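A.B. asks: Listed below, chain by chain, are the residues.
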Amino acid sequence: MKTHIFPAIRLTAICFIFFCGLYTLIVWGFAQLVPNKGKGETFTANNKTYYTNIAQKFNQDKYFWSRPSAVDYNAAGAGGSNKGPSNPDYLAQVQARIDSFMVHNPGIKKADIPADIVTASGSGLDPDISIQAAKAQAQRIASIRQIPVTAIEEVITKNTKQPLLGLFGPASINVLQLNLALDALANNK
Amino acid sequence: MNTELTGIILMYLLLLVTAIPLGWYIGKVFSNEKTWLDGIFNPLDKLFFKVGGINTTKEMNWKQHLLALLTINLFWFLIAMFVLTNMSWLPLNPDANPSMSADLAFNTTVSFISNTNLQHYSGETGMSYLGQLVLMLFQFISAGCGMAICAMVFFAMKDKSTGNPVNFYVLFVKSCTRILFPLALLLALVFVLNGMPMTFEGKDTITTLQGDTVHVSRGPVAAFVAIKQIGTNGGGFFGPNSAHPFENPSYFTNIIETVSILLIPIAMIFALGYILKRKRLAYTIFGVMTIGFFLLLIPTIFNEIKGNPAIMQMGINQNLGSMEGKEIRFGSAASAYWAINTTVTSNGSVNAMHDSLTPLSGMFAMLGMMVNAFFGGVGVGFLNFYIFIILAVFISGLMVGRTPEFLGKKIEAREMKIAMIIALLHPLLILTGTAISSFLYAGNPTAYAGWLNNPGYHGFSEMLYEFSSSSANNGSGFEGLGDNSPFWNIACGIVMLLARYLPIIGPVAIAGILSNKKYIPESAGTLKTDTATFGLMVFAVIAIVAALSFFPALALGPIAEHFMLKP
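Chains as they are written, first to last, in full-length UniProt numbering: chain S, 1 to 189; chain H, 1 to 567.
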C-alpha cells in the first residue's frame, strides 16, 4: 500500500488542477464568447429580461397557462411531483385540475383537454405546452380579451416550434413567448 | 407522435455510427498505437506521469492493480468528505449553501467515488460551486478508474503478452486524458452554444410577466453535464437532473445527451474486439446486450406512449402519452428511451421523473439495473458481463462433459467460486436492503411516514428501486423516497461501496488467475465463445439469474400496481 500512497496523492493533485481547473476554464472562457456569456438563454421584452427556458407562473385567465408545477415554479429549487401513477391522492389532484380547467374554460369538452395541462412537469419549470393545450385555452382568452378566436389561433400557429428539422421530436409552444405575443396583439388592436 | 418515434431511431443510429469508431480509437489508445491526437496528448500524459511520479515501464500484476485502485479511491474518499462537510466556509459559494451533515456527506462521497452518483441532496440548495467542481472531478476519475480496470482485464484475456507493460496508472491517466476529456470538452462546448449556463455568478432575480419575483439558480452547468453524461455518472447539477431546462434546454441537446449515455459502454465492447483481435467475440457480446436492451426498451416506449389508464378513465385523452414528470420539449417517447438507456448503463441521469413512470416502465427500468450487464457502466459493465460469460462457459462445459475453457484457459473451481459470489452479491444487496427497509416501515408506519411519497405497491417499488439503483451503481431514483435520512444515507452508502469494489475485485482476480494458467490451443473440441449459440447461452444465464432472483420482489411492486391500474 505504501508504494501507492504517493502516486495516489500526486496524481489526484494534477487531476484536480486539470479537470477542475483547466477544463472548467476552457469551457467558461468559451462561454464568454457566446451571446449572454453563459448565463443561460435570455431575451429582453418591454425592457424586462426573461429566461427563455424557465417556465413562469401564469394563472390569470387572460394568459395561456403553463403546465402545473410541483414546486410552484421555484427556479431555485426545481423538481417534479414524483407521484406514482396509481396514487389516489395524486389522481384526486389531477381530477381537481381538470375540474378547475373546465370552470375557467366554459364550453370545453373533456376530450379536448390534453394530458400535459393537468399533469406536473418533471422539472416544475417546463417552459412549453403542447399545441392542444394552447388551443384548448384559445376560446377563454378570446372572450376575456375580446379578440376573435381566429386571431388567437393565428398567434398559436405563429409561435409553434415545429419538430427538429420537421422530423424529430414533438412540436411545442413556449408559453412565455406566446403570452408576450398575445400582449403585443392586444396593444396593437 | 410519429416524429417522436423517428427521433428515437435517429438517436439509435447516431449512437451506432459514433460508438463503433470510438471503440477502435479506445482500442488503439490502450494498445499504445498511434492516433491522430498524439501530438497533444503525448506531452500531456508525460506531464501527468512526471507530476504523479509514475514509472510507466513497470508491469503490474492483478493484485498490484487492485491495491493501486483501492489506495487512490481511499484518498479520494477522504478529500470528498472534507470538502462536502466544509463547503459553507470554503470559496465559490455565492448562494451561501450549507455544509453537508456527516451521513449525507458519507452517502454523497461514496456515491461519487463509486461512479453511482445517487443524490440525496438537491444541487440548487445543497451544494456550493466548489462542491460541484469537486464532484465533477470525481465524475472524470471514477469513470477513468472503471475503464482502466476493464482494460487490464482485456489484456489479461489475451493469449500472448503485448510487450507493453500493463500498468494501472498509465491506463487510468490515458482513460481520463485521451478518452473522457476530449469527449467531455466537445460536448460542453456544444452545450454552451445551445444555451446551457456556464457561469460562476449566483442566483439571479427576475420579475415575471405576471409580476411575481423569482430567483433563478445558475452555475457552471455545461462543463458538469458533459462529463455527467459521457462517463455513465449521472449526477445532476440541479435537483431534477436533465429534466431541468438549464441541464437540457432543447430536443437537440436531448439527442446529444441521450447518445452520450451509451457511447462509451458500447465502444468498450468494440475496443475489446480490437485489443483481442477477436471481432466476432465483440459482435457476439454486443448482440446479446443489444437484444437485452431492446427487450427492455420496446415495452417501455409502448407503455409510456399509451399513457396512464387511470387518467384516461377521467376522460382525458392520452395522445401525448403519460406526461406526469415529463417535459413537453422531449415528449413521452424520448423520455422512455432515455429511461432505459440510463438504467441499462449505470448512468442514472434522468430527463423525466422515474417515480411517475407507468408501473411496467418502472419495472423495466429496475430490471435494467438488476441485470446490470446489458452495457453497464463505463468499464465495469463489461466486468459484470464477464462474470456471466464465465458462468455460461462453465455450465456449457458441464452440459457437454468437457473441462470448461474460455479463450484457451481452463475454468476451475476457484474461478467459479469467485464468479458465483459476485453474481449473487447483487441480488443479495438489493433484496436484503429492501427487506430490511420494508420490515422497518411495516413495523412502524407512522415513525417512517416521511420515507414514502406514494402508498401501497408503489411505495414498495420506491424502496426496491433505491436499493437496485445503489447496488447497480446507477444513481437514478424514485425520487419521491424521503432519502435524506440517516437510514437511507448509510444503508445506500454501504450498498454502493460493496457493489462497486467487490464486482471489480472478483473479475480482476478471475482474469488475473486465468492469465497465469497455461494456454491450451484451440481444437475441434473447444467451446466456441463467439457464436450465436454461446450468445444465447449467456443470455439464458443472465435471464435465469435475474428472473429467479428478482421476480418475487417485482411481483410485489410494479406488477401488482400494473394490475391494480388496469381498467
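Bear in mind the hints are in silico, worked out from the structure with no lab data behind them. Do not take every clue at face value.
[As the list claims (entries may be wrong)] Counterexamples of contact, computed for chain H against chain S with all Cβ distances above 10 Å: (1) G53; (2) F75; (3) M136; (4) P197; (5) F246; (6) I255; (7) F286; (8) G287; (9) I291; (10) M314; (11) A352.
[What the hints assert, rightly or not] Residues from chain H that keep clear of chain S, each with C-beta distances beyond 12 Å, as calculated: (12) G144; (13) V216; (14) S332.
[Claimed, not checked] Where chain H lies over chain S, by a calculated footprint (3+ residues, C-beta under 8 Å): (15) 15 to 22; (16) 118 to 128; (17) 134 to 147; (18) 151 to 159.
None of the values given here were measured: they were computed from a predicted structure. The C-beta atom is built at its ideal place from N, Cα and C for all residues, glycine as well.
A.B. asks: Now, for every hint given, state plainly whether the structure supports it.
C.D. replies: Evaluated hints:
Distance to chain S contradicts G53 (chain H) as a non-interface residue, since its nearest Cβ pair spans about 5 Å, not more than 10 Å. A cut-off of 10 Å between C-beta atoms contradicts the statement that F75 (chain H) is not in contact with chain S; the least separation is 5 Å. Non-interface status of M136 (chain H) relative to chain S is broken: a Cβ of that chain comes within 10 Å, the nearest being about 7 Å off. With a least beta-carbon separation of about 4 Å from chain S, P197 (chain H) fails to lie farther than 10 Å from that chain, contradicting its non-interface assignment.
Its beta-carbon lying about 6 Å from the closest one in chain S, F246 (chain H) breaks the requirement of being farther than 10 Å from that chain. In this structure I255 (chain H) is not separated from chain S by more than 10 Å, as the shortest Cβ-Cβ distance comes to only about 7 Å. For F286 (chain H), the condition that its CB be more than 10 Å from all CB atoms of chain S holds, with the nearest at approximately 25 Å. Listed as a non-interface residue, G287 (chain H) keeps its Cβ farther than 10 Å from every Cβ of chain S; the least gap is roughly 27 Å.
For I291 (chain H), the requirement that its beta carbon stay farther than 10 Å from each beta carbon of chain S is met, with the minimum near 26 Å. The non-interface label for M314 (chain H) is inconsistent with chain S: the shortest C-beta to C-beta separation is roughly 6 Å, within 10 Å. With 10 Å as the threshold on Cβ separation, the claim that A352 (chain H) sits away from chain S is violated: the shortest Cβ distance comes to roughly 5 Å. With a least beta-carbon separation of about 8 Å from chain S, G144 (chain H) fails to lie farther than 12 Å from that chain, contradicting its non-interface assignment.
For V216 (chain H), the requirement that its beta carbon stay farther than 12 Å from each beta carbon of chain S is not met, with the minimum near 4 Å. Not every beta carbon of chain S lies more than 12 Å from that of S332 (chain H), the smallest distance being close to 9 Å; the non-interface claim is violated. With 5 residues carrying a beta carbon less than 8 Å from a beta carbon of chain H, the segment 15 to 22 of chain S meets the three-residue requirement, and the given coverage holds. Here's how the segment 118 to 128 of chain S fares: 11 of its residues keep a CB closer than 8 Å to some CB of chain H, so the rule of at least three is met and the hint holds.
Check on the segment 134 to 147 of chain S: 0 of its residues sit with their Cβ under 8 Å from a Cβ of chain H, so the three-residue criterion for coverage is violated. A stretch counts as covered by a chain when three or more of its residues have a beta carbon under 8 Å from one of that chain; for the segment 151 to 159 of chain S and chain H the count is 0, and the coverage is violated.
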